[in-house]
Each structure stands twice: as C-alpha cells, then as structure tokens.
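Residue numbers (my numbering), protein chains in the order written: chain B, 1 to 259; chain L, 1001 to 1366; chain R, 2001 to 2228.
Just so you know, these hints were derived from the structure itself, not from any lab. Cβ coordinates follow ideal geometry from the N, Cα and C atoms, glycine included. Do not take every clue at face value.
To be verified - Some chain L residues well away from chain R (every beta-carbon gap over 12 Å; in silico):
hint : residue
1    : R1094
2    : L1101
3    : D1169
4    : R1208
5    : A1265
Said to hold, decoys possible - Chain R regions said to be covered by chain L (calculated; three or more residues, Cβ under 8 Å):
hint : segment
6    : 2036-2044
7    : 2130-2141
Claimed, not checked - Which residues of chain R face chain B? A few of them, derived with a C-beta cut under 10 Å, are:
hint : residue
8    : Q2008
9    : L2010
10   : S2171
11   : G2175
Spelled out, the chains give:
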Amino acid sequence: MRTVSAPILAALAALTLALVSASAETAPPPPLTVFAAASLSDAVAELAARYERDTKRSVRLSFASTSTLARQIENGAGADVFLSADEEWMAYLDERRLIAAGTWIRPIGNRLVMVAPTDRARAVELSKGFDLLALLGDGRLSTGDPVHVPAGRYAQQALEYFSVWDIAEPRLTRAENVRTALALVERGEAPLGIVYATDARASKSVRVVAEFPAASHEAIRYSFAVVSGHDRGGARELLAQFTSPDALEVFGKYGFVIP
Amino acid sequence: MLEFDCSLRQGHFSLEVAFSAPSPGVTALFGRSGAGKSTVVSLLSGLLAAARGRIVLEGTVLFDSAAGVNVPAEHRAVGCVFQDARLFPHLDVRHNLEYGLRRVRGRQAPIRFDAVVDLLGLAALLARRIRELSGGERQRVALGRALLAQPRLLLLDEPLASLDAERRDEVLPYLERLREQLGIPIVYVSHDFDEVLRLAEHLVLLDRGRIVASGPLREMCLSEELHAIVGASVIGSVLEGIADRIDAAERLATIRCDELSLRVALAQIEPGSRVRLYVPADDVLIALEPPRHVSARNILSVEITRLEILNGSVLVHLAVAGTTLLARITHSAVRELDLKAGKRCFALVKAVAAQGRRFDRRAVGP
Amino acid sequence: MFTPDEWQALRISLEVAARSVALSLPFAIAVAWLLARRPFFGRTLLDAAFHLPLVLPPVVVGYFLLLIFGSRGPIGAWLSEHFGLRLVFTTSGAALATAVMSFPLVVRAIRLSMENIDPGLEAAARTLGARGWDRFFSITLPLSLPGILAGGIVAFSASLGEFGAVITFVSNIPGETRTLSLALYTAIQTPDGDVAAVRIAALSVSLGLAGLLLSEWLARFARRRLGP
C-alpha cells in the first residue's frame, strides 16, 4: 500500500472540515410530526402542504385511528402535535400528563351519516326501532370498532338512540379506523356503513342514505393539542396555523363543522 | 423365447444389440462395466425406449419402433431385480412382496405367495421393516417381490454386485433354486464370471454396446472373445454330466459327461443328479507320457485341437471324448514339448481343481 | 383467568390454523409434485410465482385477496353466486389469507421431501405394474409424509402468527376472524388495554410452545416410521 503523501492528506482534511461546518450552518430545522385522526386525512394533508410551502419546514403526517395514535403517544412515539377525533382520547392523554398545558383546543366538529355503495344507495328512514336487519340482509354494518374508535363510539350512541343497537352489535365490522370502515362500504363488502359526513363527501363510491340528528349522539368535536415535551421548536406555531381562519376555511371546504 | 433387437445412442455411447434368449432358461449378459448390459435391461423392462428396434416376448410384441409400439413398463409384466434392491422403505417385507401381486389385475397368478416365501426362505422376515434387513435378505425380498408380480420374463441386473462375499454365498443358492424351478426366461446381468458359471445356460457377451459373441455357455467358454474379456485365471471349460458313483469315504464323485468320466472332489451329491463342472485352465497339466505316482486323479488321453495365444501364455484346446478341455501353459512349455494341433498327449486334472455343482433343470409350474 | 373474548380468540386462532392447513396441503402437494419433477417449460416462472407471498408485504397479499375474493372480485362473486360462500368477514376467509401467506414454505417443505425420494423406487414400482396415480398414492405420497408433516406444521404455526393479510382481507370480527394476533392488536388500541394485552400475549406464547412440542413429537414419530 502506497503511503498517501502529507499534503494530500491535509487537503482532504480541510475539505471535510469545510463540508461539515457548511452543512451545520445550513442545516434545516427537524421536521414536525403530526398524528391525526383518519377522518382528517385529506384536510390535514392540504394544510401540511401549505405549511411546508410557507415555512420551508417539513411536516411528517401519520393518519390512523385516534385510538391507535393515542396509544402510540402513550408509549412514547415522537409526535409533536396530536389531532384527535374526540375528547375522550385527548382526556386520556391529559390524565397521563401527555399534552402540553394550555394547548388543548376544540376547533372543528363533524356530523355522522349512514352510507351505502353508490350503485345500491336508497334513502333510509331513521326512526326508533327501524328495520336495520332488513336493510343489511345477510351483510354487515360497517363502523369503526366502538370499543376504541371515536367514529365507532358515536355510531354506537346513535344506534342506541334509535333502539337498534342490540340488533346491530353482532353485525358490526369493527374496523380499525373510520376510513377502513368507509373502504368496506366503497368495495361493496358491506351494504351499509356509519361514517363521518366528511368521509362520505370525500368518496365517490358511496352515497349518504341518512343523516344522524345531532341529538342521537354526543357532539363530535375534534381536539387538537401539542404533545408534552414537544413544546419547543415550532409545534405551537404549527397548531396555531392549523387553527387559523384560513385553515378553518379549508376544513369547512371538506365539510367539517366550524362552530 | 425372447427376441431382442435394438439400437440407441446416449451421448457418446451407442448400442446395437440383437440376441434371443430361450425359455425357460437363464441367459447371462456378460461384459465389462460400461458394455451396455444395464441399458439392455432398461430397454427390456420398458424403463427406456430404444431409438429403433423390436422386442418380442413369447410372441407378444413389447416394442416395435417401426410399428410405433411401445408397451409401457407397467404393462409389460417384466420383473426386475436391481442391484440396489429398491425395496419400499415405508412398507414391511410382506407388503413389499405383495406390491406387485396386488397389481396383477386380470391376469393369472400362478406364482403363489407361500411358494415364493418358501423358496426364498422369507418366512421369518415377513413382519420386519426394510431397514432391519441385511443386504442379502433385501435381495431375496426383492427377488420375491419381482416373482410375485407374475412376470413373463425376469431380469436380474447385477443383483449380487453390492453384497460382500459372505452375503453373496448366502443368496446364490436361492438363485440356483430359482433357476431350477422357474418356467419363464431369466436374463441375468453380471460382470462376475463365477455367478455366470453357477447360473447361466446361455451367454451373451457384450462389449462397448455390441454383441461380441453369444451361445450356450459351454461353447462360449471356449471362445476367444470371452477369453479376451475375462481375466486369464478365470478361463476354463464347462462340462455337464451325471454323477455316476459317489465314494463317500474318499469324498470323490465320478461325473460322466457323455463318454468322459472325471473324478471330482464333490461329496454332497446324489447319484444320478445332473452336475455342471467347471475345470479352470490353470489347473490342467499336459504331459507327453502318462506320469506315474502322481497326485492328479484324472489322467486323460487327449488330442490337441488348437493353440490359442493369450497375453503371455498359451491356451491349449484339448479334445477328449466328445468334449473340450482347456489348459493354460507357458510358451516355453509349448516349445519344449513341441505341442501343436493334432498331437496326442495326456491331460492331468486334479480332482480338487474341478468345481462342481448340481445343475438341475426341473421346470415346475406352467 | 381469561375472559370469554380471549378464549374465543384462542378458539378462532386454532380454527383458522386448522382450516388453513386443510386448505393449503392438497394444493401444496400438487404444486410441490409439479415442481419436483423433470424441468418443464415455465417451471422457473411458476416457482417464482408461488413464492410471491414470501416476498410481498402481508397487507399487499391481503389486498390482492380482497380484489380477487372480495364480494365484487372475479372469484369472490362467483363463489357467492354459486355456493353462497362469502369469504370477507369469515373464518374461512381468514384461513384462506393465512394459507396463501404460508403456501411457499409449505410447498418447499414438501418439495424437498419429494426430491429426496430415490427415483429408482418409482422405476421399481413401474416394473411391478403400478401406473401413474397408483405410484403417486402408493409410493410418492407416503414417502413424502415427513415433508407433508413439516409443511402442515409450518402452515399451522405461520397461521397463528399471521396478522396483516388477515386484517386487510377479512377485517377484525370477534367470533369470526379475531384471532389472538388481532385480539392483541385491538387490546393495544383500547384504553387501559395493557393488562388484557399481556394476558393475550401470554396465551399466544403458551400456544406457540405447545405447538413446538407437538411438532417435535410428530417429527420424531415420522422419523421412526419412515427412517432409512
């Protein structure tokens, strides 16, 4: 092995040092991570894109059921901001001191609807004890799992309100999140589903066959907050952006309820 | 009667063989390794198809390339005993034996289970698993299995080649019994001349995919072609005769082969039984005058018919009483005794040198 | 000790695994036999195709199953129309998902066994009068038993652990498709579900250990009966 001459070594060292310091100077701030409920997929994706354009700061998004995300945060997942589809899960994290003080806000709401595949959609009359079984035939009712998915919980409340919960319970699909519940209806695997109005709007393959009155379920209010320990580095700013009047306009465009 | 006439080419090897084998009878296919013996067996069994040729067994056409006939192996009723036995490891001995018997379908099944078990001494082995059997036992089971499939032709492809000397000696008597009792033709492939001597009536000599010579064993033993293939020390003559007189005290038997009588060290034989004798050429001495006070029990007046030059020695063909003996001696002896065709002299054959075995042919069964 | 839901998940796991084995073995035997014979045109391609589930993410496999066997899929619609058979949301569908995922490994195990059979045995069987299918059932199949057994064990154990393909194809229906894996997943999402999660995990481990012991015993039994 030939020995590399000293001058060349020195030059290489200088070059390396220069490159390292250069990158250190122009290093961009680390990306922000947003955990958002599945039903917020489209709206938040748009808001995040805007944010990245405006601030030149990259945003990482993770969409899943509120329940999944909350449990991940509980187990130490590195989220900066959490956008939950209900208050319960936010309260769950709050009890465990996992959200930054004073950052919990409830900026938007949603409505609950019943949907069917477009080629089989017939309006459904919602009344106490309505014949859900006849409507389902031998199929299932597609909802999120009422045990942990907010959309599922709201659905359970609505079904209880109309006294058809006992009939419906064994026929639920118990999907992992509301978007999966929607997909099952879109593909015709389930003849009916209960999802948010915003989800129905986002899909061309399903049609709304009934709207659940607000009285039939607990108010659907999204909860947004910064995760505790992630309060520096721009999380609050992002949250502020996502709840600004411009942002609310975007939410409104997708069909969310702006109080 | 089996008629075989096939040719094929496999890579560098080309085979062109035509012969017939009588029925009943044992026809040995003899030759060096690579001569094509196993190929002939594969063609006979139907596991391989020749490029061109014809195989006819007792009038039934098994293969005819010109007519487009190729009876598949499973329909030929040609039994095979392979060198590696090929017993089914997941079946016990009984079920191995019964395998072919169960698949005989419409045909007659004159070869019976108990008879075969008896013939081959398998009674004690019936419940055993294959892996518990010795090499010799496996070959006997393989033989029994092939027989019970009611074959019209039996092929034995070097069945004793993978056995040690002791096991071979254990199995050979069963093969001899088989020869005596089986009414169908047997084709026996071997590169071991001793097995051929003990079992074959006819010999087909193969070398490099061609038939070099064929005929009854007695004649073949005298042929130059055979002498070129077997080792010089194995050369000898085969005689067949009847055991005339047994001298139990001396342990000597007198075998009469037509007009020739030979005294042979062979005590365990019944008077009147047919015997095959093998006289190695190395054990025959030639004298110009009958010697006196000599140990050899047979001193025969013979006439030299031919001097065959081998590699480093001379094979002298000696005619005596309608048959031929062979003597292998040195060139120097030939010169000194001035031996030449037509000369009369004496052949000395030791009683202990001649190897004799009972060689009966009793076709039992159809 | 365990809740009725947890026992139910165990029962579903065992049922799905058993059905998965019953479903995949016959096809795997056929495919293994095809691939173990002399080479034929397209064999390599076929071999690669059957290995796909091994290299694809389980969710992708589940998605393809949905496309083909879902209510609107070509085969799914046919099954539903002619046999009234639905696969989505059902135990049968879960079994299909796990069978597909484990198929390549099952085929391998059986094929290995088949390739180890002395071809001379089949030749001997032919000379004894055994025709094609006869040879397959009397020689090939019995001698492949160690491989088939190994394949069955693989199919069973892989089925117990399968998650992505199941949840994507047949969803997470308690009493139908909620196996132990899926039940564990649900427990993880559920508020204060950690205790249940640990219990289900413990149950899975015990099941796994029992399975391993059973497979070891079966393997020994096979060796004894079919050893050389």
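Outcome of the hint check:
no.: 1; hint: R1094; in the structure: 15 Å, holds
no.: 2; hint: L1101; in the structure: 9 Å, violated
no.: 3; hint: D1169; in the structure: 25 Å, holds
no.: 4; hint: R1208; in the structure: 25 Å, holds
no.: 5; hint: A1265; in the structure: 42 Å, holds
no.: 6; hint: 2036-2044; in the structure: violated (count 0)
no.: 7; hint: 2130-2141; in the structure: holds (count 5)
no.: 8; hint: Q2008; in the structure: 13 Å, violated
no.: 9; hint: L2010; in the structure: 18 Å, violated
no.: 10; hint: S2171; in the structure: 5 Å, holds
no.: 11; hint: G2175; in the structure: 8 Å, holds
The structure fails hints 2, 6, 8 and 9 (numbered hints given earlier, in ascending order).
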